[in-house]
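Peer 1: Sequence:
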Amino acid sequence: MTWAWILGIVVALIAGVAIGFYAARQYMFKYLKENPPINEQMIRVMMAQMGRKPSEKQVRQMMSQMNKFQDK
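Heads up: the sequence shown begins at 1 in the UniProt record's numbering, then just goes up one per residue.
Any given hint might turn out to be false.
Only pairs whose alpha carbons sit at most 25 Å apart, straight line, appear in this in silico PhoX-like list of lysine-lysine [as the list claims (entries may be wrong)]:
no.	residue 1	residue 2
1	Lys-33	Lys-57
2	Lys-68	Lys-57
3	Lys-68	Lys-53
4	Lys-68	Lys-30
5	Lys-53	Lys-30
It is worth saying that the hints were derived from the structure and are not from the lab.
Please construct the entire structure, taking both the sequences and the accompanying hints into account.
Peer 2: Following this line, the structure appears as structure tokens:
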């Protein structure tokens, strides 16, 4: 009887950790997809700080590269 309780607690603990990890992982993926860490404005500011005036084409190219890298 005591072993059954201990086994149940251990199984519940392992299941809780696994489900919590999976839920947190899914939440972070969703959050990063909706709120990417770098946007076009940040790229423009970064290039301006380097002394360059980026064209719209350059900004779009950098964004596509970032998105391609993020999808991998």
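Peer 1: Quick one: which hint numbers does this structure break? Sort them smallest to largest.
Peer 2: Violated hint: only 5; rest satisfied.
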